[in-house]
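Each chain is listed here by its residues.
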Amino acid sequence: MSVRMPEPDSAVLARREQIVKVLRTMVPGEGVIASEREMKPFETDGLTAYHQLPMVVVLPETTEQVSQVLAYCHAEGIKVVPRGAGTSLSGGALPLEDGVLLGMAKFNKIKDIDFANRIAVVEPGVTNLAVSNAVAHAGFYYAPDPSSQIACTIGGNVAENSGGVHCLKYGMTTNNVLGCEIVLITGEVLRLGGKHLDSEGYDLLGLVIGSEGLLGVVTEVTVRLLKKPETARAVLVGFPSSEDAGACVSAIIGAGIIPGGMEMMDRPAIQAAEAFVHAGYPLDVEALLIVELDGPAAEVDHLIARVEQIANENRAVSCKVSASEQERLLFWAGRKAAFPAVGRISPDYYCMDGTIPRAQLPLVLKRMKELSTKYGLAVANVFHAGDGNLHPLILYDSNKPGELDRAENFGSDILRLCVEVGGVLTGEHGVGVEKRDLMPVMFSEIDLNAQQRVKCAFDAKGLLNPGKVFPQLHRCAELGRMHISGGKLPFPDIPRF
Amino acid sequence: MTDVLKPTDTKQVEEAVHWAVAHGKALELLGHGSKRALGRPAQTDMTLDLSGLTGVTLYEPAELVLSARAGTPLAEIEALLEKNNQQLDFEPMDYGPLLGNEAGQGTLGGAIATNLSGPRRLKAGAARDHFLGVTAVTGRAETIKSGGRVVKNVTGYDMCKVLAGSWGTLAAMTDITIKVLPRPETEATVIVEGLDDERACAAMSAAMGSSCDVSGAAHLPDHVASYFDGLPRPEAATVLRLEGVAPSVAHRKETLAALMKPFGPVALLDEAHSKVLWTSVRQAKPFAVSQERPLWRISTAPGQGYAVAAAITPAAQMFYDWAGGLIWVAMPFTNEPDAGSIRRAIAELGGHATLVRAPAALRASVDVFEPQSAGLRALSKRVKDGFDPRGVLNPGRMWAGV
Numbered sequence: 023m024s025v026r027m028p029e030p031d032s033a034v035l036a037r038r039e040q041i042v043k044v045l046r047t048m049v050p051g052e053g054v055i056a057s058e059r060e061m062k063p064f065e066t067d068g069l070t071a072y073h074q075l076p077m078v079v080v081l082p083e084t085t086e087q088v089s090q091v092l093a094y095c096h097a098e099g100i101k102v103v104p105r106g107a108g109t110s111l112s113g114g115a116l117p118l119e120d121g122v123l124l125g126m127a128k129f130n131k132i133k134d135i136d137f138a139n140r141i142a143v144v145e146p147g148v149t150n151l152a153v154s155n156a157v158a159h160a161g162f163y164y165a166p167d168p169s170s171q172i173a174c175t176i177g178g179n180v181a182e183n184s185g186g187v188h189c190l191k192y193g194m195t196t197n198n199v200l201g202c203e204i205v206l207i208t209g210e211v212l213r214l215g216g217k218h219l220d221s222e223g224y225d226l227l228g229l230v231i232g233s234e235g236l237l238g239v240v241t242e243v244t245v246r247l248l249k250k251p252e253t254a255r256a257v258l259v260g261f262p263s264s265e266d267a268g269a270c271v272s273a274i275i276g277a278g279i280i281p282g283g284m285e286m287m288d289r290p291a292i293q294a295a296e297a298f299v300h301a302g303y304p305l306d307v308e309a310l311l312i313v314e315l316d317g318p319a320a321e322v323d324h325l326i327a328r329v330e331q332i333a334n335e336n337r338a339v340s341c342k343v344s345a346s347e348q349e350r351l352l353f354w355a356g357r358k359a360a361f362p363a364v365g366r367i368s369p370d371y372y373c374m375d376g377t378i379p380r381a382q383l384p385l386v387l388k389r390m391k392e393l394s395t396k397y398g399l400a401v402a403n404v405f406h407a408g409d410g411n412l413h414p415l416i417l418y419d420s421n422k423p424g425e426l427d428r429a430e431n432f433g434s435d436i437l438r439l440c441v442e443v444g445g446v447l448t449g450e451h452g453v454g455v456e457k458r459d460l461m462p463v464m465f466s467e468i469d470l471n472a473q474q475r476v477k478c479a480f481d482a483k484g485l486l487n488p489g490k491v492f493p494q495l496h497r498c499a500e501l502g503r504m505h506i507s508g509g510k511l512p513f514p515d516i517p518r519f
Numbered sequence: 003m004t005d006v007l008k009p010t011d012t013k014q015v016e017e018a019v020h021w022a023v024a025h026g027k028a029l030e031l032l033g034h035g036s037k038r039a040l041g042r043p044a045q046t047d048m049t050l051d052l053s054g055l056t057g058v059t060l061y062e063p064a065e066l067v068l069s070a071r072a073g074t075p076l077a078e079i080e081a082l083l084e085k086n087n088q089q090l091d092f093e094p095m096d097y098g099p100l101l102g103n104e105a106g107q108g109t110l111g112g113a114i115a116t117n118l119s120g121p122r123r124l125k126a127g128a129a130r131d132h133f134l135g136v137t138a139v140t141g142r143a144e145t146i147k148s149g150g151r152v153v154k155n156v157t158g159y160d161m162c163k164v165l166a167g168s169w170g171t172l173a174a175m176t177d178i179t180i181k182v183l184p185r186p187e188t189e190a191t192v193i194v195e196g197l198d199d200e201r202a203c204a205a206m207s208a209a210m211g212s213s214c215d216v217s218g219a220a221h222l223p224d225h226v227a228s229y230f231d232g233l234p235r236p237e238a239a240t241v242l243r244l245e246g247v248a249p250s251v252a253h254r255k256e257t258l259a260a261l262m263k264p265f266g267p268v269a270l271l272d273e274a275h276s277k278v279l280w281t282s283v284r285q286a287k288p289f290a291v292s293q294e295r296p297l298w299r300i301s302t303a304p305g306q307g308y309a310v311a312a313a314i315t316p317a318a319q320m321f322y323d324w325a326g327g328l329i330w331v332a333m334p335f336t337n338e339p340d341a342g343s344i345r346r347a348i349a350e351l352g353g354h355a356t357l358v359r360a361p362a363a364l365r366a367s368v369d370v371f372e373p374q375s376a377g378l379r380a381l382s383k384r385v386k387d388g389f390d391p392r393g394v395l396n397p398g399r400m401w402a403g404v
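Just so you know, the sequences run in chain order A and B. Quick note: the first sequence uses this note's numbering, first residue 23, plus one each step. Quick note: the second sequence uses this note's numbering, first residue 3, plus one each step.
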C-alpha cells in the first residue's frame, strides 16, 4: 500500500476488547464482528489494491443503533468508516486499523413507494437496481445507473454522487434525491429535505451527496422516480479517428439533441469488447459511438434519422441502427462488458475516472498514447462522450514486480492531464484514498481548507472516514482561526458612490 | 445613506471583504437589487455592489457550458443563449415585478444565490442543478474555487450546492459556470378545464406519471385564472406543457389529451399561446399586479398541495405550479401574513414556506424562511461560521444570527 493513512491511535487499540464489548450491548447478536477471519471480507472495497482489517465491524439495523454507536465513538474518540456494498473504486470504504467499520447492508428495506408523488423512500442498504425493480411493474424507474448498479447501494450512491451512462439527460444522484435522514458523528439524527423540491435553508443535502462518508451516516433516502420512456433505440457508429467521433458528438448536441446515452470507445476497448461479447462492433475503426435516443416512438424515430444524417456528415464509416430491443441491448452489452472484457486480455486493469472538456479529447488521447509508451503499459478507453467523463483502463500484471506502481503513476499522470486541459480528477468514482494526494493539483490550500471547514461543521473531531479525500488533515480549531488586520480604507482601486 | 462599493474584479471584492472583517463592518451583497426586498431586512454598514463584475468569459454551445462573471445581467445571458438555440433549462423566474421593481433585471449571481427556478423545475431542476463551478470570496476574505466547467465532477465536496440558495450569506460569488441546454424546437399545452384543486392535483399527478414527459404542470383556479395570458377562457385551468421536437409534441399532445379526458373538458394551446401562458405562470403574474398582499411561496409534496392550500384562509388568492408542489399564496390583508396557519400546515404536511413579500417591519418580526429544527439550525450556523465567522456577509438575511 503506497498511501499513508492516519496514524493508528494506540490508546484506542489498547482498549479494543472493551470497545467491542460496549458495541455488543448496542448492536446485539451477529451485528458486531471482531474475529479476524470474519472481518476479512470487509478489508477492501472495489479498489482491491488496498486492504486493511478494521478494528471491528458493526452492522446496525436501526437508526437508533447507528446513533448510539456514533455517539459512543464520538465520546471515546474512535474513528468510523461507513460502508455500503463496498463497490467504491476509489477506496472510499477502506477500513482503518483503529476504526469501526460501520456496514449499512442490513438497512435493506424499501419503506414507501409513492407513485402520486413519484418518489420512493428507501433504506441506504437497498441496491440501486432494486429500487428500479421495485417500481418497474408500474412503469417507473430510478434514473442514475452506475455500472455496479446490481450490487451498489443507494447509501453508497449518495456518498459518491454516483452517475452512470444516462447522466447527461437525467442527471447524477444529486439531481435525483429529494431528502435523507442522516446521523451525525455526535449521534444526532437530522432530516434534510423530504418529498418536496428545494431546501428550506442551506442546501445541506447537496453537501452531503458526494461527501464520501465524511459528513454523516445516511439512514434513509428519498429518491425521485421517473416514468420509463416509451421506447429506446440506439445507433452504433464507427469512425476513422477519435477526432471525427468527437466532432460528431458536438454536432449532435449542437443540433439540439440530448441523447439518453452517448458512449465512445477507442480501438483497444472495441477489440476487447467485441472479442468477449460479439456485439457486432466494427473492428476496422478507431472510435465507436453508441448513441441512444429514448422517448415516444415518434420522437425516437425522428431523432434517430437526424443522428444518422449527422454521423454521415462527420465521416462515419459505419452506421447501424438497432432494429429491435434485442439488438439495442446487444449494442450496449459490449460497452457494459468493456471492463471485464479488458480483464480477459490482461491479468489486472486499473480503471481511471477523469472528466475533460470534450473538445480536448483528441489531445488527451494523443498524450495518453505517449504516456502508455513511457510506462510500457497498454491502455483502453471508454468515454461518456456526452459529458466528457473518461474511463481509461490501464492494463498491468500485479504479479510482475513494479507494475502496480507503474500503473498508479501512469494513472496519476492521466488525471493531472485531465486537470491541465480544464477538466477534473474524478467524474463519478470519488476521491477516496486513490486520488487524495492529487487534490492539490486541482485545489489550492485555501480551497481545501474551505472544504475542511464544512467537514468541521459536521464532524469537529474528524472521526468520520479520516484519511479520505483530504491529503492533509487540520484541526478544526486551527482552521477556525482568522488572522485579519489592517484593511486599508478607502481602497484606492474600488469605485465608491 | 449606506455607502456603496462597486468592485470590478475578484481582487477588489477580496479587498472589500478584508476591510469589512478588519473593521467589523457588515456588507449587503447586491447585484441589480431585483430581489432586495426578499428576506429578512439586514442591518449592514456598506453595500457591496457586484453588478460591476460583468461579461461572459466562456461559452461553448457544443459542450453545453457557459461561464460569466457574477454581475452579468441574466437578460444578456438569455439573449446570447437564444441566439444559439439554447436556454437556461431551470427557467429562472423574475422576482422584480412581484417586489415592485422593473421586469428584466437580475444578474447571474443573484439567480444562483437565490437558487431561482421556474415551471420547468419539476423536470429540469433549479439553478442548483445547473451550477457547475464557482469562484467566490468567503467572509474570511479568501478567494476559493469549487467545481469546474464539466458536468460530471465529484472532486471534493459539492460547494456549489451550498452556495446556491445561500442568499449571499456565505460568500460573494465572482465567477460562475453553468450548464446550458438546447431550446426545445416547439411546445404546446394541454388544458383541463373547470377542476377543483384536489381533482387538479390528481390530474397533474396522472400527467406526471405518464410517459408524456410533461415539462410544466400548473393549476390556475377560477379566482386568478383571468390574470394569466393565453388561456382560452378565464376559468379554472389545469395546464400541462409539452416541449420537444414537433413530431414528438404532436404525438404526446394526443396521448395526454386522451389521458386527461376523464378529468374534465380538454382544450389545446398552440406554441404561441403556450409560450405566453407559461411566461405568466413563471412570473406568478396575478401577484405582480399589485404589491399590497403579503405573498408566500410554499414547496410541498405535489400530491398534497391541495391539502396544504385547504388549511389556509379561503380569502387568500393562490395558484399551483410544479404539479401541485409549489403554491403561491397571496394573503388578503397587507399587514397580516398569517404565518401561523401556513407554518401549521407545513408542520403537519411537510415542505417549507417563504414569505416572499411583506412590509419590512413584518419581515423583521416574522420568519421569512421556514424555521428549522434546533439541530438543523445549529448545523447551519456552524456552516455559516466556517465561511463567514465574523458575520460580514448579508448577516441576518436568512435567519437572525446567520
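Honestly, the hints are just simulated from the structure, not real lab data. Among the hints, erroneous ones may be present.
Far from chain A, by Cβ distances over 12 Å, these chain B residues were calculated [to be verified]:
(1) Ala-24
(2) Glu-65
(3) Ala-81
(4) Asn-103
(5) Gln-107
(6) Thr-157
(7) Arg-254
(8) Ser-282
(9) Ser-292
(10) Ala-317
(11) Ala-318
(12) Gly-327
Computed footprint of chain A on chain B; a stretch qualifies when at least three of its residues, placed anywhere within it, have a C-beta under 8 Å from a C-beta of chain A [to be verified]:
(13) 33-46
(14) 265-275
(15) 367-377
Don't be surprised by glycine CBs; every beta carbon is placed ideally from N, CA and C.
How the hints compare with the structure:
1. Ala-24: violated, 3 Å
2. Glu-65: violated, 5 Å
3. Ala-81: holds, 18 Å
4. Asn-103: holds, 19 Å
5. Gln-107: B:Gln-107 is indeed farther than 12 Å from all Cβ atoms of chain A, at 18 Å.
6. Thr-157: violated, 5 Å
7. Arg-254: At about 6 Å from chain A, B:Arg-254 fails to clear the 12 Å cut-off, so the statement is violated.
8. Ser-282: holds, 21 Å
9. Ser-292: holds, 27 Å
10. Ala-317: Answer for B:Ala-317: holds, closest chain A Cβ roughly 25 Å.
11. Ala-318: holds, 20 Å
12. Gly-327: Answer for B:Gly-327: violated, closest chain A Cβ roughly 6 Å.
13. 33-46: violated (count 0)
14. 265-275: violated (count 0)
15. 367-377: holds (count 5)
Checked against the numbered hints above, the structure violates hints 1, 2, 6, 7, 12, 13, 14; every other hint is satisfied.
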